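Peer 1: Okay, here's what each chain looks like letter by letter:
2 protein chains.
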Amino acid sequence: LKLLEERILSDGLALPGSVLKVDMFLNHQIDFSLLKELGREFYNIFGSENVTKILTVEASGIALACAAAEFFSVPALFAKKGLSKNIGSDYYSAEVFSYTKGSQYTIYVSKKYLSERDRVLIIDDFLATGAALDGLCDICARAGASVAGIGAAIEKAFQGGGKRFREAGIKLASLAVIESMDNGKIVFN
Amino acid sequence: LKLLEERILSDGLALPGSVLKVDMFLNHQIDFSLLKELGREFYNIFGSENVTKILTVEASGIALACAAAEFFSVPALFAKKGLSKNIGSDYYSAEVFSYTKGSQYTIYVSKKYLSERDRVLIIDDFLATGAALDGLCDICARAGASVAGIGAAIEKAFQGGGKRFREAGIKLASLAVIESMDNGKIVFN
Chain A
4 LKLLEERILS DGLALPGSVL KVDMFLNHQI DFSLLKELGR EFYNIFGSEN VTKILTVEAS
64 GIALACAAAE FFSVPALFAK KGLSKNIGSD YYSAEVFSYT KGSQYTIYVS KKYLSERDRV
124 LIIDDFLATG AALDGLCDIC ARAGASVAGI GAAIEKAFQG GGKRFREAGI KLASLAVIES
184 MDNGKIVFN
Chain B
4 LKLLEERILS DGLALPGSVL KVDMFLNHQI DFSLLKELGR EFYNIFGSEN VTKILTVEAS
64 GIALACAAAE FFSVPALFAK KGLSKNIGSD YYSAEVFSYT KGSQYTIYVS KKYLSERDRV
124 LIIDDFLATG AALDGLCDIC ARAGASVAGI GAAIEKAFQG GGKRFREAGI KLASLAVIES
184 MDNGKIVFN
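In order, the protein sequence lines correspond to chains A and B. In terms of my numbering, the first sequence is residues 4 to 192. In terms of my numbering, the second sequence is residues 4 to 192.
Certain hints may be false.
A pair holds if it fits inside one copy or across any two, identical chains being indistinguishable in the list.
To be verified - Here are the computed lysine to aspartate or glutamate pairs in the DMTMM-like style, where the Cα-Cα straight-line distance is at most 25 Å:
{"#": "1", "residue 1": "115", "residue 2": "61"}
{"#": "2", "residue 1": "166", "residue 2": "61"}
{"#": "3", "residue 1": "166", "residue 2": "137"}
{"#": "4", "residue 1": "84", "residue 2": "137"}
{"#": "5", "residue 1": "104", "residue 2": "93"}
{"#": "6", "residue 1": "174", "residue 2": "93"}
These aren't lab readings, by the way, just hints derived from the structure by calculation. Small disclaimer: the values here were computed from a predicted structure and weren't measured.
My request is simple: use the sequences and hints to build the entire structure.
Peer 2: Structure, rendered in structure tokens:
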């Protein structure tokens, strides 16, 4: 999506270690008017897939999932990274290894909000190795829900997650695909 | 707001220990069309306050902050509960004691996204003791930003946070104020 690529080039920062800093509009400070355009594009791509629910993981996926949910007129649902008193004991869980933080964590979704009647569009801000999205796919499988597809705002193609999902036959839409970002220079696919 | 009170009565669950479970529409599964109406109401209340930024804390405040940000046409900004590689070293922080989880945590906002030129509307899904909102006020004070007001979807008046903010002269709008929820019966103000 041209709009997103332009915003990444104007505002984003390519830091050493393949870190793309876009926290001025995507995952700390949020330009929700931009995110709505991303949500609209996900609807253009997945609108005919009979999606019943948008699933993401806290925290940085939530805004984008809400932007998409509005176009699909379905609920957004975010997997939680910890158990609180409120989530109850009846949940699906999956393990996720975070390469950014170098540690493993568990994500949880209440069984009440995902079932075999659901057709799920999984959304996240970034697709790098795909570990968080794997966890969300696992949770859909445990619920018996079908995955309509995966939508990511930004894919770092050189980290392999996107290739893996495409080879597995999952419909994947990344709105900006970064081929390389060596020496601070961002190159899109 | 009638719409929210009705939704709490129809879908919400008052559990022992003053826990109000609204995770079917507010803070796990999200009905963003409802949240937009809450955002609109915050704009009705705070629209003349020259708000430049909506501030919340991850994770359950994000959706509501985005819904409000759209009406105000300003960025949403969420305080993070942990430091990742991406946040950098230049941040404001505040300590928050969570009564729900029984532990203390630190919240962080990058110094780049909050300054003395900002007039901030602080938003959260719940106002109970007000500990998280205190932390967000602290962060505004550290940035030299002025607080235009606080907007909460649901206030549990019997936990005292709302009274404290009002007595401190802060403009506070809670869209549903719960006076009591003994024996599973929810009574609004």
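Peer 1: Check the structure against each numbered hint from earlier and tell me which ones fail, lowest number first.
Peer 2: Hint 6 contradicted; others consistent.
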